[in-house]
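Chemist: Below are the chains, spelled out letter by letter.
Protein chains: 2
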Amino acid sequence: MKDHELRLRALGIDTRREHVIYMRRDCHVCRSEGFEAQARVAVNLGDQSIIATLNVVNSELLAIGEASLSTGAWRALGAAQGDRITVLHAPTLDSLSAMRSKIYGHRLDARAFNAIIGDVASGRYSDLHIAAFLSACAGGRMSLEETIDLTRAMVDVGDRIDWGGVTVADKHCVGGLPGNRTTPIVVAIVAAAGLIMPKTSSRAITSPAGTADVMETLTRVDLDVPAMRRVVDREGGCFVWGGAMPLSPADDVLIRVERPLDLDSDAQLVASVLSKKIAAGATHAVIDIPVGPTAKVRSEEDAHRLQNLLEQVAQANGLKLRVLRTRGSQPVGRGIGPALEAHDVLAVLRGAAAAPVDLRMRSLVLAGELLEFCGHSIPGKGRSEATRLLDSGIAWEKFQSICEAQGGMRVPGIAPIREPVITEHSGFVSDIDSRRLARVAKLVGAPGALTAGLQLHVKLGDSVQRGSPLFTLHAETTGELAYAKHYLATHPFVTLGEAVAT
Amino acid sequence: MKDHELRLRALGIDTRREHVIYMRRDCHVCRSEGFEAQARVAVNLGDQSIIATLNVVNSELLAIGEASLSTGAWRALGAAQGDRITVLHAPTLDSLSAMRSKIYGHRLDARAFNAIIGDVASGRYSDLHIAAFLSACAGGRMSLEETIDLTRAMVDVGDRIDWGGVTVADKHCVGGLPGNRTTPIVVAIVAAAGLIMPKTSSRAITSPAGTADVMETLTRVDLDVPAMRRVVDREGGCFVWGGAMPLSPADDVLIRVERPLDLDSDAQLVASVLSKKIAAGATHAVIDIPVGPTAKVRSEEDAHRLQNLLEQVAQANGLKLRVLRTRGSQPVGRGIGPALEAHDVLAVLRGAAAAPVDLRMRSLVLAGELLEFCGHSIPGKGRSEATRLLDSGIAWEKFQSICEAQGGMRVPGIAPIREPVITEHSGFVSDIDSRRLARVAKLVGAPGALTAGLQLHVKLGDSVQRGSPLFTLHAETTGELAYAKHYLATHPFVTLGEAVAT
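Listed in order, the protein sequences are those of chains A and B. Every number in our numbering is 3 more than the matching position in the first sequence, counting from 1. Every number in our numbering is 3 more than the matching position in the second sequence, counting from 1.
It cannot be assumed that every hint is accurate.
Because identical chains share one entry, a pair is satisfied inside a single copy or across any pair of copies.
No farther apart than 25 Å at their CA atoms in a straight line, the calculated lysine to any residue pairs in the SDA-like style are these [said to hold, decoys possible]:
id : residue 1 : residue 2
1  : 488       : 89
2  : 323       : 404
3  : 488       : 96
4  : 323       : 148
5  : 488       : 8
6  : 488       : 61
7  : 384       : 304
8  : 462       : 166
9  : 488       : 7
Rather than coming from a laboratory, the hints here were simulated on the basis of the structure.
Full structure from sequences and hints, please.
Modeler: Okay, here's the thing in structure tokens:
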């Protein structure tokens, strides 16, 4: 075997995020290179190369001359059992100096962000480095210039779709309101109006479901760019997971670390949202910022700051942007969780009698705004046009056609384990804590378990009687159900006020 | 097998820092609990419990009903092959809200720091969380109050040694000057003077060697508190690795993450240094802050800020502190790396003709200051007393006695691979970049490889002739030697100015 060569043997260990290489402590490469556990090393196979973190094996798990890779690293290298890899010290990353400079509170220029984002997108940063970078950029520590440069860097590191100069509509909700699943409905209406809306969505970051998670219960969402283009050319719109395409690829890496940190800062949020829109070729975007005490944005002041930042970064990048601030005092619709939210979306599109009115109204407001913003409707007439397209069934037909074009429409499942949570008091619903509710939905399995989550039976101001159900937990495993109930015992999210005497 | 039980099987994988548990994707616990890769789980064995990160196994590496642990987790639980463990969701950490609050730029109170540091010390934080916390506390984002609270929290989470009311001397150098290994010499002089100096030192964080790494080449340093007490009772001083004793245990966890981030902020530095001193029972401490363009502290302004912070936090914790700012324009002594620095220390103690004068002078200044500060010498007479104790051989005898009391004195090794680096020009040494030099010493293997590092043959202002050696690289492996030379090719650290015509 050559100097730095090792033979690959599959162990099938999934580390999810960070690539890991397994090497014997006494292997000739470890010894000659002086590698220790947690060293960052360059792993080369043919003309592929990745950076991985070393875990040292002190046993006969690997034979002399053998090494293994985590399943993600294995895939990234396109490895096969027995392949010969070479392992070297990872190159020194000059961008880490820039990262540290940011941690120490200095301003970074465009070159520094390009270097950092380039290394992040190529997987050269460990999770530790990414966590430190995210933390250093949070809490108002990014200037406007820096946010613009970060956004540009995130666009430039990936592909950019060109739709040939036509108006391209997009929308986004900054989140924080569980169940606020307007995107599939808005796309259906806007595409039904004849506009182009090639929507790419993300999976959940810190919420119980992202639009991509919800749409995955209804159709295929992991399309590549040519497949997406075919769908949009035919139907005008699509619902695609952005993570499957090389648009702002650093964003997906950053999000994988943001999730366990439960972190989502203004600058990262703006760079994440706008880089995806710009890379996807959008020309006109409407952004929904729900404001409420337990939404992601809690005060009008915060909303104002975020709106300003969004508008200025969009303008600097040539994207036309309109921001709508909406009320975010309680969850939207009934279901929370991928499949449960999909059922709500279908009810609105079908005009079902039981369709959640709030989800319908929010969708019509956003679709109406987009129709006006893109020049399809004259000012003041957008919402009535959107309502016509929805109530006539034209949007529902468009939705089904898009799903068919994406590979066929599916019926979302229902969780095998369902347990209603009953109130022991009577009264009026005075508060629903969206953060705790989201936590419960995640504990019960969403978004990993597609049918898990919860279904709300009450809204703010509702009168409830002792013994009536407030919500129903949906779970795929008994362990998750128990875990959510354990949390609920000390962290209720529905507050009841005094019952008015009758 | 009971509901959440799994049988342990050793795989011998060393992940170093973070505890990892390996479980089959299709095991009954993963399924019932809905665990996915990277989930944080609680692992219980008897009455021991740890938090670990889940790596999922998709192969026959583990049989149904089996699980494995990284070697660190295995040790922490005191596990044996075949032991039955139970695995549950990790409890929700309330302190993570406080951590996020800090990331978002808010001030934390004492309770919040106690909660965070308690969770850090117990291993309940993942490396990601620690990296984010460290980053959030860097760059001047900690107020004085916060730094005091963080320091107290770090003291309170561990043990505290009580020396019974006597004066207890301590010293510390904030680092950044490679080779500045004064501690072993100062301890020998101060203990020879009859004072109590129970010195605990750390291993290297971002430098090529810490005092504990250097002393490990000379004697045992992993003593526990009773063993240290026996040494100090007998000899007055000791050289012990602080990480082997439960003094400020969170500090050791934080340092493991600081190292790969190459991060060392003011507040963390002060809390780290002072919490160790306070927990070790020091009453009087002298702190050396070298200031220079490539030292850790680069300007008088930074030194002033750090000095203020050190003094105020010490005062708030009842520790008497004196700060000395020293020149930090170039490395101290000749050797850089654990064994190489030990050889320099021995030369000074023995009064060898070739002993580095700068290391000797710095040690005498610090020892003299401590002798005065602790009331042993009258003001102005400390340095001459220190010189007397050193030159008479009394300090050298004390040094040997302490090493004997710690388990015997060793002779530091010499690296098997040594390669001089020759200058191709003549001139005067106008600059030595300490940061690059430290990087080279680390690339060549220090501090992991005890004999690795480099030996400097020149000092600032020296005249060198073409073909003469500037320094010699010491390596334990050819891979590391090659890696250091590769870096040196583009990052020289010795700059030569114009040769003056003769």
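Chemist: Just pull the numbers of the violated hints for me, sorted ascending.
Modeler: 2, 6, 7, 8
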